[in-house]
Every structure is written in C-alpha cells, then in structure tokens.
Amino acid sequence: MSALVETPLFGLLLTLGSYRLGQWLYGRSNSFPLLHPFLLAMIPVAAILLWLDIPYERYRQQTLVLEFLLGPATVALAWPLYRQLHTIRRVWQPVLITTLAGAGLASGISLALAAWLDAPALVLGSVAPKSITTPIALEVIPFTGGDAPLTAGLVAITGILGALLGPPVFRLMGITDDRVRGFTLGLIGHGIGTARAFEYSERAGAFASLALGLTGAVTAALLPWLWPAISGWLQL
Amino acid sequence: MLDGLLILLVFQLAGEALVRWLGLPLPGPVAGMLLLLVALLGHSFFSDRVAPAANILIRHLTLLFFPIGVGIVLQWDQYAPHADALVLAIGAGTLLALPLVAGLLRLMLGKNA
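So the protein lines, in turn, are chains A and B. Under numbering that gives the first Met the number 0, the first residue of the first sequence is numbered 0, with each subsequent residue one higher. Under numbering that gives the first Met the number 0, the first residue of the second sequence is numbered 0, with each subsequent residue one higher.
There may be inaccurate statements among the hints.
Pairwise CB distance ranges, derived in the manner of DEER restraints [unchecked claim]:
no.: 1; chain 1: A; residue 1: Ala228; chain 2: B; residue 2: Leu17; range: 19 to 29 Å
no.: 2; chain 1: B; residue 1: Leu23; chain 2: A; residue 2: Gly107; range: 31 to 41 Å
no.: 3; chain 1: A; residue 1: Pro43; chain 2: B; residue 2: Ala79; range: 40 to 50 Å
no.: 4; chain 1: A; residue 1: Ile42; chain 2: B; residue 2: Leu17; range: 35 to 45 Å
no.: 5; chain 1: A; residue 1: Pro119; chain 2: B; residue 2: Pro51; range: 36 to 46 Å
no.: 6; chain 1: A; residue 1: Ala46; chain 2: B; residue 2: Gly41; range: 47 to 57 Å
no.: 7; chain 1: B; residue 1: Ala16; chain 2: A; residue 2: Ala46; range: 38 to 48 Å
no.: 8; chain 1: A; residue 1: Trp115; chain 2: B; residue 2: Leu5; range: 45 to 55 Å
no.: 9; chain 1: B; residue 1: Asp47; chain 2: A; residue 2: Trp115; range: 44 to 54 Å
no.: 10; chain 1: A; residue 1: Ala111; chain 2: B; residue 2: Asp2; range: 38 to 48 Å
No lab work stands behind these hints: they were computed from the structure. Fair warning: this is a prediction, and the values are worked out from it, not measured in the lab. Here a beta-carbon is modelled for each residue, glycine too, at the ideal position from N, C-alpha and C.
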C-alpha cells in the first residue's frame, strides 16, 4: 500500500479526481469565481497529502507530466492570439497602448504595495508576474527570482479576484462596451478573467483572449529585461 | 491532435534554441509562441493542424499548473510571515488596477472610435 502511494499513478489520480470534482461543483454554481476548481480541488489534495504524510516535493515529482505540458501550452497561446488578431485591426493602436500601460500598472501597483510592506526579494519576484497567464508567469520567475508555488498561487488568486471584482467595477463605472470589459478581464485576470468575459459575449471573450496573449507576450519580453532596474529601485 | 502536439513541441524547441543562441532575456516557450504566431500568419499548413492540441491544452491550463499551485497551501508556513504584503499586493493591487485599465481603454477607444 505504502509503495503504491509513491507512484505517479497516485499523484495523478488524486489531482485529476479532485480537479474533476471541483470542476463539477464549479459548474453547478454557475461558475461562481470563489468556487473555482483551483480553490476547490486544493481541499481534498492538501488534506490527503497531509493525512498520508506525503511531502509536497514528492507529490510534485509524481505530477511532473502535467508541469511539463505548460511549455507546449505556452506555445499554444499563439493559436487564440492568431484567431483574434483580426478583431483589433481597426483599434490596434489604443489596444497596444493599453496593453503596455495596463501590464505595467497591474504589475507595478502590486509591486509597490508589497515593497511598501517590506516584502523580501522572493515575494516581490513572485508578485511581479501576477497578472499574466500562469505558464508564462512560471517561465518569467527565473529572471525575477520568484518562487514557483507562490507565483502559481498568486496568479490564480489574481484571476479569481479579477473575475469576481471586474463586473461590479464595470457597473459602477457605467462601462457596457464589451471590448473594454473583455480586454480588462483578460489583461488583469488572464485565463480565469477570460472565462468570465465569455459570459458577457463572444466579442468580450475575443478581446479577453487577445489581452491574455498580448499581456503575456509583452510582460515576458519586457520584465526580464527591466527587472535589474526595477529591483534597483526597490533596493533589493 | 498528434500533428498539433508535434508542431507545438517543435516550436517550443525552436524557441528554446533561439533564445540560447542569441542569449535573449526571454523564456524559450514564449519565443516559440511568437515564432508559431508568425508561422500561423504565414501559412495555412499550421492553422489547419494546430487547433485540436492547442485548444485542449488551453482549456485545461488550470489543471496543468494545479500541482505547483498546491504548494501555496502546503508550504504556507514559508509564506505566512509575508501574508500582509501578499494580501495587500494581490487584493488592493487587483482592485486598483481594474478601474485604471478599464478607464484607460475606454478613453483610448473613445478617441479612436
């Protein structure tokens, strides 16, 4: 029995089963962001790993095949980007400026707040890519000195908060343009925000997918290059 | 499906090779993504084949990073001393960035509409 718990079969089955259960409950709740499968599946997985006394590092070894697929998944992001590129043909300038400024704001505000509370370098390096899609964020942290589990968790929570808070913010601001709602959800909340945007309309979803891809690409291209200067300002 | 996965892996390898060769400060898979975007714009060979694999990976993205993300709970004692900074950075940071980004795009689109 104990030997079976050591195999990848155990870790993968635990992950897939818990995730599927989370997905089912999330569907039953009409996709309420706080019941996202990322949060729900954590409960059985963490409980069972702790109960069976399996160290986190061993569980990660067992599920390495999923982690490996994050690489091809990043390359795959070219596909929605290609599909949606035509939607911004007439508005590419405002969209590009918003992407650059928005990616800077999303990352910069959080960095400044964390630095203000004297967060150490490891935390700042993990907070910096919090608004970009997880596979790209995990590829950026070797450059910023972040921590993988912390980054993956923060990115997911940012997406969930974005999907939760975006709609009331749009209502308060009187924003009904699906291009603005979609793009903002995708820029701030990456994949989870994009799923929320598709609930508005296909058009909002298209702009969100585009924002997800553009923000990821722009951040991945600029953050590693700018990080030495940023960490200098933050006096790391 | 298999064609699509092959294309994705070939472009990931090409991206990794390119950033190493040129010494670029860019993640290899992101370079692969940009190369694939150029290829998709250039020839229908790629767009005809990449969709099934790309869609399935993107649809289940959360599952792929879930095992890494569990660490935030299982290693929480490592992060707990910085809980205040994390909550403020993610909570307030997201709440502040949302209206700024939405407002900026609305302003920019208004000018260019």
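A/Ala111 paired with B/Asp2, Cβ distance criterion 38 to 48 Å: 46 Å, holds
Beta-carbon spacing of A/Trp115 to B/Leu5 - inside the hinted bounds 45 to 55 Å or not: The hint (45 to 55 Å, Cβ to Cβ) holds, given that A/Trp115 and B/Leu5 are roughly 48 Å apart.
Cβ distance range 47 to 57 Å for A/Ala46 and B/Gly41, holds or violated: At 50 Å between Cβs, range holds.
C-beta pair A/Ile42, B/Leu17: status relative to the range 35 to 45 Å that was hinted: 42 Å, holds
B/Asp47 versus A/Trp115 beta-carbon gap, inside 44 to 54 Å or not: 51 Å, holds
Range hint compliance [Cβ, B/Ala16 to A/Ala46, 38 to 48 Å]: 43 Å, holds
Range hint compliance [Cβ, A/Ala228 to B/Leu17, 19 to 29 Å]: 25 Å, holds
Outcome of range test on Cβ distance (A/Pro43, B/Ala79; 40 to 50 Å): Given a distance of about 22 Å, which is not inside 40 to 50 Å, the answer is violated.
Pairwise beta carbon distance, B/Leu23 to A/Gly107, judged against the given window 31 to 41 Å: 23 Å, violated
Outcome of range test on Cβ distance (A/Pro119, B/Pro51; 36 to 46 Å): Cβ of A/Pro119 to Cβ of B/Pro51: about 44 Å, so the range 36 to 46 Å holds.
When the structure is compared with the earlier hints, violations turn up for hints 2 and 3 and for no others.
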